[in-house]
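Note that the protein sequences, when read in sequence, are chains A and B. Residue numbers are given in the working numbering: position 337 of the first sequence equals residue 337, and the series is strictly consecutive. Residue numbers are given in the working numbering: position 560 of the second sequence equals residue 560, and the series is strictly consecutive.
No wet-lab data here; the hints were simulated from the structure. One or more hints might be untrue.
[Claimed, not checked] In silico DSS-like pairs for lysine-lysine, Cα to Cα no more than 27 Å straight-line: (1) A/Lys72 with A/Lys137; (2) B/Lys8 with A/Lys137; (3) B/Lys382 with B/Lys371; (4) B/Lys207 with B/Lys159; (5) A/Lys181 with B/Lys8; (6) B/Lys137 with B/Lys107; (7) A/Lys181 with B/Lys22; (8) B/Lys188 with B/Lys307; (9) B/Lys416 with B/Lys435; (10) B/Lys107 with B/Lys159; (11) B/Lys416 with B/Lys440; (12) B/Lys22 with A/Lys137.
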Amino acid sequence: MPRTSHWILRRLSHLDGILLLLVLLLLGISLAVVASASGQSPARITGHLINMGLALGVMVVIANIPPHLLSKVGPPLYVAGVVLLIGVALFGEIRNGSRRWLNLGFMAFQPSELLKLALPLMLAWYFQRNEGLLRAKHFLAGAILLLVPFLLILRQPDLGTALMIGASGFYLLFFAGLPWKVILGGGVLGGAALPVMWGLMHDYQQRRVLTLLDPSSDPLGAGYHIIQSTIAIGSGGLFGKGWMQGTQTQLDFIPERTTDFVFAVFGEEFGYVGAIFLVGLYLAIVVRGLVIAARAPTLFGRLMAATLSLNLFTYAFVNMGMVSGILPVVGVPLPLMSYGGTALITLLLGMGIVMSVATHRQLNKT
Amino acid sequence: MRLATPLKNLDRELARFHGRLKVGAAFVALLAAALLARAFYLQIMQQEHYIERAESNRISLVPAAPHRGLILDRNGRILAENYSAYTLELTRAQTGNLDATLAEVGKLVEITPGQLRRFRRLLSESHEFETVPLKSKLTDEEVAILAAHRYRLPGVEVKARLFRNYQAGPGMAHVLGFIGRINDRDLKQLRETGREQNYRGSVHIGKTGLEQSYETLLHGRTGFDQMETDASGRAVRMLSRIPPVPGKDLRLHLDVELQAVAEHAFGDYLGGLVALDPNTGGVLALVSKPGFDPNLFVDGIDPETWKSLNESPERPMVNRVLRGIYPPGSTIKPLMALAGLELGVRKASDSIDDPGYFSLPNSRHRFRDWKAGGHGMVDLRKSISQSCDTYYYKLAVDMGIDRMHDYLAQFGLGEKTGIDLEGESSGLLPSREWKQRRWKQPWYPGETVIAGIGQGYHLTTPLQLAVATAMLANGGRRIEPRLVQAVRDPLAHTWQSIPGRERGRLAITPEHLDVVREGMMDVLRPGGTAAASAAGASYTSAGKTGTAQVVGIKQGARYDASRLARQHRDHALFIAYAPAENPTIVVAVMVENGGSGSGTAAPVARAVFDYYLTGKRPGSMQLEADLAAD
Numbered sequence: 001m002p003r004t005s006h007w008i009l010r011r012l013s014h015l016d017g018i019l020l021l022l023v024l025l026l027l028g029i030s031l032a033v034v035a036s037a038s039g040q041s042p043a044r045i046t047g048h049l050i051n052m053g054l055a056l057g058v059m060v061v062i063a064n065i066p067p068h069l070l071s072k073v074g075p076p077l078y079v080a081g082v083v084l085l086i087g088v089a090l091f092g093e094i095r096n097g098s099r100r101w102l103n104l105g106f107m108a109f110q111p112s113e114l115l116k117l118a119l120p121l122m123l124a125w126y127f128q129r130n131e132g133l134l135r136a137k138h139f140l141a142g143a144i145l146l147l148v149p150f151l152l153i154l155r156q157p158d159l160g161t162a163l164m165i166g167a168s169g170f171y172l173l174f175f176a177g178l179p180w181k182v183i184l185g186g187g188v189l190g191g192a193a194l195p196v197m198w199g200l201m202h203d204y205q206q207r208r209v210l211t212l213l214d215p216s217s218d219p220l221g222a223g224y225h226i227i228q229s230t231i232a233i234g235s236g237g238l239f240g241k242g243w244m245q246g247t248q249t250q251l252d253f254i255p256e257r258t259t260d261f262v263f264a265v266f267g268e269e270f271g272y273v274g275a276i277f278l279v280g281l282y283l284a285i286v287v288r289g290l291v292i293a294a295r296a297p298t299l300f301g302r303l304m305a306a307t308l309s310l311n312l313f314t315y316a317f318v319n320m321g322m323v324s325g326i327l328p329v330v331g332v333p334l335p336l337m338s339y340g341g342t343a344l345i346t347l348l349l350g351m352g353i354v355m356s357v358a359t360h361r362q363l364n365k366t
Numbered sequence: 001m002r003l004a005t006p007l008k009n010l011d012r013e014l015a016r017f018h019g020r021l022k023v024g025a026a027f028v029a030l031l032a033a034a035l036l037a038r039a040f041y042l043q044i045m046q047q048e049h050y051i052e053r054a055e056s057n058r059i060s061l062v063p064a065a066p067h068r069g070l071i072l073d074r075n076g077r078i079l080a081e082n083y084s085a086y087t088l089e090l091t092r093a094q095t096g097n098l099d100a101t102l103a104e105v106g107k108l109v110e111i112t113p114g115q116l117r118r119f120r121r122l123l124s125e126s127h128e129f130e131t132v133p134l135k136s137k138l139t140d141e142e143v144a145i146l147a148a149h150r151y152r153l154p155g156v157e158v159k160a161r162l163f164r165n166y167q168a169g170p171g172m173a174h175v176l177g178f179i180g181r182i183n184d185r186d187l188k189q190l191r192e193t194g195r196e197q198n199y200r201g202s203v204h205i206g207k208t209g210l211e212q213s214y215e216t217l218l219h220g221r222t223g224f225d226q227m228e229t230d231a232s233g234r235a236v237r238m239l240s241r242i243p244p245v246p247g248k249d250l251r252l253h254l255d256v257e258l259q260a261v262a263e264h265a266f267g268d269y270l271g272g273l274v275a276l277d278p279n280t281g282g283v284l285a286l287v288s289k290p291g292f293d294p295n296l297f298v299d300g301i302d303p304e305t306w307k308s309l310n311e312s313p314e315r316p317m318v319n320r321v322l323r324g325i326y327p328p329g330s331t332i333k334p335l336m337a338l339a340g341l342e343l344g345v346r347k348a349s350d351s352i353d354d355p356g357y358f359s360l361p362n363s364r365h366r367f368r369d370w371k372a373g374g375h376g377m378v379d380l381r382k383s384i385s386q387s388c389d390t391y392y393y394k395l396a397v398d399m400g401i402d403r404m405h406d407y408l409a410q411f412g413l414g415e416k417t418g419i420d421l422e423g424e425s426s427g428l429l430p431s432r433e434w435k436q437r438r439w440k441q442p443w444y445p446g447e448t449v450i451a452g453i454g455q456g457y458h459l460t461t462p463l464q465l466a467v468a469t470a471m472l473a474n475g476g477r478r479i480e481p482r483l484v485q486a487v488r489d490p491l492a493h494t495w496q497s498i499p500g501r502e503r504g505r506l507a508i509t510p511e512h513l514d515v516v517r518e519g520m521m522d523v524l525r526p527g528g529t530a531a532a533s534a535a536g537a538s539y540t541s542a543g544k545t546g547t548a549q550v551v552g553i554k555q556g557a558r559y560d561a562s563r564l565a566r567q568h569r570d571h572a573l574f575i576a577y578a579p580a581e582n583p584t585i586v587v588a589v590m591v592e593n594g595g596s597g598s599g600t601a602a603p604v605a606r607a608v609f610d611y612y613l614t615g616k617r618p619g620s621m622q623l624e625a626d627l628a629a630d
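Using the sequences provided together with the hints, build the complete structure.
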């Protein structure tokens with residue numbers, strides 16, 4: 001027994017205390033909000049707890065794997081991901097008008113989920129290999145590694161996921177030192193390409209952008225989600241209506257309120273004070289991640305910690321922005337808050353990587 | 001150099017990385033600020049707006065229609081009441097293929113062609129999300145069949161609705177009027193008068209008759225249930241309730257029995273009768289024959305039936321008492337006589353020698369008396385009892401049209417009486433000024449002559465004649481006819497009476513009035529023009545006969561052109577009151593194409609007086625009642 005507990009303690013010592021505390025706080029809030037949003041459905045709460053347990057377990061496991069081993073997973077995972085994306089393009093199942101799913105017989109699987117971690121891992125591995133020698137050609141190669149999955153996912157079409165994965169790749173290139181002139185030049189080019197992009201967008205994507213600009217133009221259709229969620233948030237006021245007291249939530253006016261629109265429930269029941277606290281928690285996670293990145297001994301560790309932290313906040317921003325009506329409705333869950341196993345496991349897997357970087361200080365030269 | 005580069009690069013890259021971390025942190029801070037600014041806008045600045053919207057999401061007002069007030073006769077007999085029945089209703093927006101749905105429904109319950117036509121007409125007047133009745137008063141069996149098949153008939157509903165039943169039949173249709181479905185025009189009017197909210201739960205509104213004129217009282221106030229509803233519109237719980245306030249019940253002066261007696265007394269004739277209480281103005285009976293079945297209109301009339309009613313040459317939809325305008329003929333003579341006395345143009349003892357005609361000075365034209373050869377020596381009293389035309393030709397000329405107009409105007413001729421029903425005609429009391437305005441012509445002396453016997457331009461409604469007669473009966477009080485005598489709040493159970501209203505009092509020298517009244521009593525005494533109709537009465541009465549020429553009178557011709565070719569007989573008129581000494585009832589009768597007032601109109605008045613004063617029904621009616629009782 002003492003040996004077992006010793007072993008457990010050693011495994012747990014690879015967790016970052018501050019990050020763990022922040023994650024647990026968010027998960028606690030999530031449990032309360034999902035309980036309220038689901039009308040205290042025992043199935044939902046139990047499912048949520050199981051997902052949390054699984055995800056936390058994954059996090060502990062990953063945190064115990066040294067970064068240099070993790071980096072080696074990058075290339076095979078990336079290649080596998082891209083191959084699966086090509087497979088989706090060729091044999092994927094069409095659901096709701098887009099080809100995103102791969103039927104594995106026992107389960108339907110979205111390979112784009114895989115890329116959320118595989119792309120940063122791949123890029124970080126690549127830049128680590130060329131540490132100290134980084135030149136334009138490496139960034140060019142990085143950009144190609146980014147664009148291949150990005151375009152494949154865009155074709156599905158899944159604009160939201162493509163942009164999120166593109167963002168994670170971009171963050172990594174940025175932290176690796178992508179020259180400012182390239183960033184600014186790209187920004188200008190991108191701006192100029194917007195009209196072209198608009199033309200290439202699918203009807204439903206254009207409609208989403210349009211209803212964002214004027215939700216009332218389609219109050220019963222696409223605008224309904226945004227209208228109801230902004231009403232929920234706005235009516236929460238400074239202190240909120242109280243846990244399980246939100247009328248928009250309890251009377252089913254908020255759609256998908258345990259998953260993508262969980263922030264509307266939170267905003268309605270906990271008000272502006274709650275929103276400040278929640279955003280503060282996400283900021284704290286980012287700051288902690290960036291501190292870990294600053295202290296990380298390897299380029300791989302630095303890039304991964306910084307990118308994953310920023311990425312988590314980007315997800316949070318896009319979700320809350322969409323629910324409060326300043327960004328289009330793209331199916332992005334709120335990190336660590338929304339109900340849903342896959343997203344939770346992916347996120348805590350990422351946190352596990354950050355913790356691994358934080359707790360494996362010694363340089364393991366390869 | 002080459003070896004040193006990676007190491008130098010490492011330091012540079014690290015420094016650059018730390019710089020990039022700061023940029024990243026700043027970027028994140030910016031995003032966080034944007035989120036919190038948005039949340040601030042929604043939750044602090046716009047909080048009230050969104051709270052309001054959340055509340056209106058959550059709370060829905062379900063209107064609860066009030067019960068419509070009842071209408072009772074003077075003895076408390078119910079004339080208009082409510083009943084609840086199941087109706088089959090369709091909502092166009094939900095039915096999909098309408099014809100297929102109708103065919104399907106037709107297989108389950110019988111739908112008559114009339115119901116189908118009515119449905120189509122209502123449909124064309126409604127918005128597609130409104131429910132439109134297809135068939136009302138479903139039997140229990142039909143309700144059960146429809147309920148069992150409802151699942152495959154979207155947009156088809158069975159609803160419990162309140163209806164109005166007019167059990168008094170066609171005879172009361174012109175008094176009660178009817179309610180009908182609220183149409184676009186009603187809705188517009190409700191909106192303009194700010195009453196729209198009060199009709200949110202209502203399907204019907206008063207369209208004519210008392211149902212229309214007392215709509216506000218009868219309707220009551222709509223209540224509202226404040227329900228908390230979820231996103232799918234399902235009521236979760238009731239938050240509060242403002243109960244509906246039922247409409248007021250109306251009690252009439254009118255006696256349905258008397259009404260039935262009067263209607264029966266017309267026999268096969270058409271026409272109109274109104275009986276007033278000369279002291280209060282209360283309308284004791286108001287008959288316009290033919291009537292119609294008001295129940296046809298309650299849930300929408302089918303177009304064929306409507307067409308036949310509207311285009312019938314008998315004009316059943318026209319209330320003859322209020323809207324039928326006829327020359328008053330000889331019924332104007334008592335008023336003319338009074339005018340002569342009051343204006344000092346005649347004394348009661350003044351007599352003329354009637355040769356059977358009258359001529360204006362310097363004119364060869366003879367205005368003929370109805371009695372060839374004349375009445376001999378005629379004084380004022382005899383001029384009334386014998387209805388001597390010559391006497392009034394001369395009187396009119398001596399009085400002049402201006403004084404005649406001004407005096408008769410005080411009896412309300414040519415003016416709406418102000419009865420509590422809408423659509424009253426004002427008739428026409430001719431004057432020099434009117435002729436100039438209307439025809440751009442001067443007044444001719446010959447026109448004064450015939451105006452003296454109530455012909456020419458004169459047009460009066462039976463109701464106006466009744467009010468003028470009431471003034472003779474009550475000594476000059478110009479009463480306003482009233483159908484409703486009291487109003488009851490159904491919750492309070494106490495009747496609140498509506499006092500009678502007077503338009504004014506005309507001071508009449510008592511001796512002058514007595515002479516005129518005596519003349520009118522003579523009419524019903526042996527030797528008078530209508531003596532036969534008063535024979536054997538246990539009370540005294542006073543009256544005056546008259547005839548309204550149908551041929552040769554423009555205004556009259558326009559009223560009933562279709563009958564002119566067939567029916568050339570005059571309309572018979574009779575005005576009367578009883579008992580003569582202390583009048584409690586006044587009647588004005590108009591029998592269409594009845595010929596002479598004494599022959600057809602006076603017996604109708606007799607029947608009304610008999611029943612009202614002694615409780616005696618006409619023999620033939622008593623027989624019918626006995627047969628019905630057996």
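Comparing the hints with the structure gives:
Proximity of lysine 72 of chain A to lysine 137 of chain A is assessed by CA-CA distance (about 22 Å); at most 27 Å being required, the pair is judged to hold. As the CA atoms of lysine 8 of chain B and lysine 137 of chain A are separated by approximately 19 Å, the hinted pair is consistent with the 27 Å bound. Distance hint between lysine 382 of chain B and lysine 371 of chain B is fulfilled; the C-alpha atoms sit about 14 Å from each other, no more than 27 Å. Between the alpha carbons of lysine 207 of chain B and lysine 159 of chain B the distance comes to roughly 23 Å, so the proposed pair stays at or under 27 Å and holds.
A hinted pair counts as satisfied when its Cα atoms are at most 27 Å apart, and lysine 181 of chain A with lysine 8 of chain B qualifies at roughly 22 Å. Using a Cα cut-off of 27 Å, the hinted pair lysine 137 of chain B and lysine 107 of chain B holds, with the two alpha carbons roughly 18 Å apart. A threshold of 27 Å between alpha carbons decides the hint, and for lysine 181 of chain A with lysine 22 of chain B the separation of about 18 Å falls inside it, so the pair holds. Proximity of lysine 188 of chain B to lysine 307 of chain B is assessed by CA-CA distance (about 25 Å); at most 27 Å being required, the pair is judged to hold.
Between the alpha carbons of lysine 416 of chain B and lysine 435 of chain B the distance comes to roughly 20 Å, so the proposed pair stays at or under 27 Å and holds. Between lysine 107 of chain B and lysine 159 of chain B the alpha-carbon distance is near 19 Å, which keeps this suggested pair within the 27 Å criterion. Using a Cα cut-off of 27 Å, the hinted pair lysine 416 of chain B and lysine 440 of chain B holds, with the two alpha carbons roughly 25 Å apart. About 26 Å separates the Cα atoms of lysine 22 of chain B and lysine 137 of chain A, which keeps this hinted pair within 27 Å; it holds.
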